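Participant: Single-letter residue listing:
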Amino acid sequence: MYRYDEFDHRLVTERVEQFRGQVARRLSGELSEDEFKPLRLMNGVYLQLHAYMLRIAVPYGTLSSRQLHKLADIARKYDKGYGHFTTRQNLQLNWPALKDIPALLDELASVEMHCIQTSGNCIRNVTSDHYAGAASDEVEDPRIISEIIRQWSTFHPEFSFLPRKFKIAVCATKNDRAAIKVHDIGIQILKNAAGEIGYEVWVGGGLGRTPIIGKKIGDFIRREDLLAYLEATLRVYNMQGRRDNAYKARIKILVHEIGTEEMKRLVEEEFAAVKARGALQLPDAEVERIKAYFAAPAFETLPDATPELDAAIAREPAFADWVKANVTAHRVPGYAIVNVSLKPIGKPPGDATSDQMDAVADIAEKYAFSEIRVAHEQNLCLAHVRKKDLYAVWQALSAADLATANVGLITDQIACPGLDYCNLANARSISVAERISERFADLKLQHEIGRLHINTSGCINACGHHHVGHIGILGVDKKGVEYYQVTIGGAADETAAVGDIVGPAFTEAEIVDAVDTIVKTYLDLRKDGEIFLDTYRRVGVQPFKEKLYAAH
Amino acid sequence: MQLIKNGKFVADEWKHVADDEALPEGAVIVSLQRWQKEQNLLLSRGTPVGVQLKSGEEPSLIAEHLDRLALVALEFPVYRNGRAFSYARLLRERYDYKGEVRAVGAVLRDQFYFLVRCGFDALEVRDEITPEIFAESIGTFTHPYQPSTDGAEPVMSLRQRLAAQARKAS
Amino acid sequence: MAQHTRKGAQFQAVTANRLADGVVVYLTAENGWSESLQDAEVAEGKEAGEALLARGQQFFEPGNLVLDVYLFEVEKTDNGIRASSVRETIRQAGPTVRRDLGKQAELAGVHE
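Protein chains in written order, with this note's numbering: chain A, 6 to 557; chain B, 14 to 183; chain C, 2 to 113.
Rather than coming from a laboratory, the hints here were simulated on the basis of the structure.
Derived lysine-lysine pairs resembling DSS-like cross-links, with alpha carbons at most 27 Å apart: (1) A:42 / B:67; (2) A:296 / B:181; (3) A:525 / A:550; (4) A:483 / C:47; (5) C:104 / A:82; (6) A:253 / A:220.
Take a look, some chain C residues computed to stay more than 10 Å from chain A by CB distance: (7) 59; (8) 76; (9) 110.
Derived list of chain A stretches under chain C, where covered just means 3 residues or more per stretch with a C-beta under 8 Å from a C-beta of chain C: (10) 43-57; (11) 433-441; (12) 479-487.
This one's a predicted model, so the numbers in the text were calculated from it and none came from an experiment. Every residue gets a Cβ at the ideal spot worked out from N, C-alpha and C, and that includes glycine.
Using the sequences and the hints given, assemble the complete structure.
Facilitator: If you want it as structure tokens, here you go:
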């Protein structure tokens with residue numbers, strides 16, 4: 006993985022010093038909250054319901070064992086011994102004291118981590134595929150260009166005060182695990198007939214109040230030109246994006262208002278000018294330098310057939326269940342990708358204790374080249390595990406309560422922190438996810454249901470990605486009481502779609518039964534081989550509506 | 014309000030003139046509308062003329078006039094509105110403008126570094142800003158990651174240059 | 002800031018977050034800030050509520066002790082002061098999904 010050089014180190018250290026000064030000015034009373042707020046927000050410090058919240062960047066979701074150990078330590082020392090992994094592959098701490106944050110940042114910097122641009126109206130952490138480097142149909146490791154974009158966008162002088170936040174995601178396989186079509190910019194890495202790397206660019210996707218699927222504006226941007234193309238796109242947005250209304254300030258609204266063709270024309274015009282200047286042309290040597298950091302680890306030459314694994318699967322049903330749900334094919338024979346579920350039945354999605362973080366870091370050190378990924382579905386992932394080690398990995402994960410065998414199944418839900426933590430939330434989301442998880446706890450039933458993503462958000466800002474859940478749940482507030490609106494048919498992958506609202510919202514007491522009704526309706530209607538989304542796309546919303554509201 | 018020009022706190026020789034105000038002696042900064050209406054009159058005075066662009070008034074509107082303007086002021090209505098960062102870069106990089114580019118309005122001390130990087134050579138700042146504060150803000154980061162208008166060598170090219178030197182030395 | 006009380010609320014208290022560590026606090030009759038809702042001064046009626054808020058704000062900017070000062074609706078019960086909304090109930094207790102954390106694990110008089 007990428008390692009900082011002297012320049013990266015220096016910049017992060019300088020940033021910590023700058024923020025230390027800002028916190029001191031705030032605590033001394035020199036800065037008012039109004040003045041301090043934009044400064045703390047640029048460093049990922051929010052004020053939530055119970056305390057401050059700190060969002061730590063995990064660039065493109067890759068962590069080393071050393072980094073994860075440090076995160077565990079930090080959560081113990083400065084927080085309450087746990088953290089929350091988010092849909093943007095970051096880690097949030099729920100209880101840090103403002104006065105401690107500079108010291109916490111020093112510790113993060115010591116393992117090449119930071120909170121830079123994890124909030125504010127700037128280019129946020131670049132996200133990518135958690136199977137990077139391990140997926141068989143990958144064109145190129147997407148973290149190479151992600152790291153280049155991370156550097157280019159860090160303290161960008163022109164784009165630190167955009168109309169609104171700006172999120173970029175990168176994907177290098179046909180199966181989109183990075184949800185690129187619901188990002189401000191989505192980048193699909195391609196290879197042309199001549200074997201050259203280029204980028205398809207999607208713009209104006211996003212969730213929130215106005216969910217929109219991105220539009221393609223670039224077909225094959227050459228590698229050396231990508232930063233120029235991004236700079237051109239951001240410049241058009243910075244100059245023309247709306248600033249009169251925060252809810253209409255994202256790039257998706259600009260693209261929607263002027264049209265995809267006009268957006269494309271403006272970007273190309275600007276791109277031509279930026280390119281002509283030449284300053285942003287990406288040198289091959291720099292690409293090669295960064296590429297070297299993402300070189301494949303020293304894989305052994307192994308037969309793909311692994312008799313000891315087959316024997317363990319035959320012997321131990323619980324292990325077999327886990328392999329079936331959580332383990333997936335690796336591009337190298339004899340290796341597998343291990344998904345570590347952070348969705349134990351009846352517990353908050355995405356939370357991990359310090360002890361669990363330490364356990365995963367240790368397991369990665371022993372069995373997975375000391376590398377851990379954070380998935381946007383709020384799980385962790387060990388990208389390169391020998392198949393013959395899977396049983397040992399499973400045992401070690403089990404010992405840390407991390408072997409829930411539900412990845413991709415109905416209890417593998419996405420949920421934002423909701424009203425249990427968040428200042429903006431209208432309703433709780435974690436408690437809803439927990440109750441759904443308990444309702445569908447039976448693993449046989451989960452496999453019977455098959456792949457089904459339930460996403461829950463506690464407010465319209467959609468941090469829980471409810472619009473793109475196969476079943477989406479949105480918490481709303483009606484006179485101080487929590488209600489839940491349901492959508493179905495959303496998807497975040499290469500077939501990205503915004504779900505359809507089924508009808509009037511449900512109460513807190515009704516919502517789990519409503520989900521149950523949707524699932525039963527699907528099981529009744531599905532044809533062989535269909536997952537929930539297939540059935541929904543075939544039959545539409547009507548049969549679900551009928552069942553849901555028949556009794557009302 | 015104080016003026017910082019090329020890093021120095023200096024007396025401001027320019028006067029901001031409202032649209033309905035009589036033109037005073039000396040160098041004046043007028044709105045785009047007044048410039049468009051009274052261009053000939055303004056130029057006939059033989060004293061320097063500057064135009065102030067509001068957020069939403071893109072530099073392309075005065076691209077043809079830049080050879081007659083000694084100053085372009087770019088307005089920040091609130092610090093969050095960062096359009097003028099792009100405007101400044103366009104003036105310098107696209108239109109090759111060599112006159113003064115001045116930041117006017119609501120700018121935070123924590124933005125000075127970005128402003129200078131984008132090609133502003135003059136900043137109107139609040140009275141509590143001292144040379145120490147300015148120096149601290151400007152000096153926040155030693156090496157930037159990206160090329161911009163100020164010509165500071167970005168990390169990417171520094172790396173290549175140092176690597177080449179190291180190769181030569183060995 | 003969002004509105005956390007309502008027109009016609011009979012009883013209201015003032016809350017904020019402590020600057021240095023973000024902890025939820027309530028304005029007391031002695032012009033202090035307590036971590037417990039049970040120590041909050043309760044104002045009855047609109048005018049008393051506004052006066053209470055004004056007092057809370059005195060301890061807001063100049064001293065910089067707290068931030069985000071606002072009024073919210075409460076009820077007086079035989080078991081003490083209770084927040085009316087789900088949101089404020091959660092704020093005075095802690096996350097409903099982690100009963101082991103926050104004030105509910107640390108203080109007496111917290112209600113669910």
